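Student: Sequence:
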Amino acid sequence: MNNSPDEDPQLTNFLRQNRSSVPPSLPELEDRLMSEIDRLPIDTRQRVSRSWWRYIVGGIGIIATGIVGGSIQQIISPPEPSMAEIQQLNLFLEAYARDSIVSTDATLDSPDLDLDMFDDREPEDS
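The opening residue of the sequence shown carries number 1 in the UniProt record's numbering; numbering runs sequentially from there.
It should be emphasised that the hints constitute simulated quantities derived from the structure, not laboratory data.
Some hints here could point you the wrong way.
[Said to hold, decoys possible] DEER-style ranges, computed between Cβ atoms:
hint	residue 1	residue 2	range
1	W53	I75	41 to 49 Å
2	G66	S25	45 to 53 Å
3	G61	S20	50 to 58 Å
4	E94	G58	53 to 61 Å
5	V57	L15	34 to 42 Å
6	W52	Q10	58 to 66 Å
7	L93	T65	39 to 47 Å
What you are looking at is a predicted structure, and each value in this text was computed from that prediction instead of being measured.
Where is the CB? At the ideal position from N, CA and C, for every residue including glycine.
Take these sequences, add in the hints, and give me the full structure.
Tutor: See the structure below:
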């Protein structure tokens, strides 16, 4: 098979016979095109100003979504407790477990239990 169409006389003849005809030129076509081009900048400016509002409204929507999402994330996952809070909780649990094992009558109103687990004071020794 030949790669060049110039080497294939049948193809060349076929293309010559079946080529499309050139449309007739219109003398007023250039004037119509130029008048359309003159009107384009006004329409383009209006479209541009409308598109800026879409970007602004979209940006505000994205920022609002981020704020709401961050707030929900803060509510769902509370902050980690500090070491002091963990130590106070451990002391409370040890005291509660010790009192409940020794005495089955231990209640939350018992004076032996230190219920203020976030108090920074040291427990008093009697």
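Student: Take the hints in turn and mark each one as holding or not.
Tutor: To see whether the hints hold, each was checked on the structure:
1. Range check, W53 to I75: Cβ separation about 33 Å, and the 41 to 49 Å hint is violated.
2. Between G66 and S25 the beta carbon distance is about 59 Å. The supplied range of 45 to 53 Å is therefore violated.
3. For the hinted restraint 50 to 58 Å between G61 and S20, the CB-CB distance of approximately 51 Å keeps it satisfied.
4. Taking the beta carbon of each, E94 and G58 are about 56 Å apart, inside 53 to 61 Å as hinted.
5. With their beta carbons about 55 Å apart, V57 and L15 fall outside the hinted range of 34 to 42 Å.
6. In this structure, W52 and Q10 meet the distance hint of 58 to 66 Å, their C-beta atoms being roughly 60 Å apart.
7. Evaluation of the 39 to 47 Å hint for L93 and T65 yields a pass: the beta carbon distance comes to about 41 Å.
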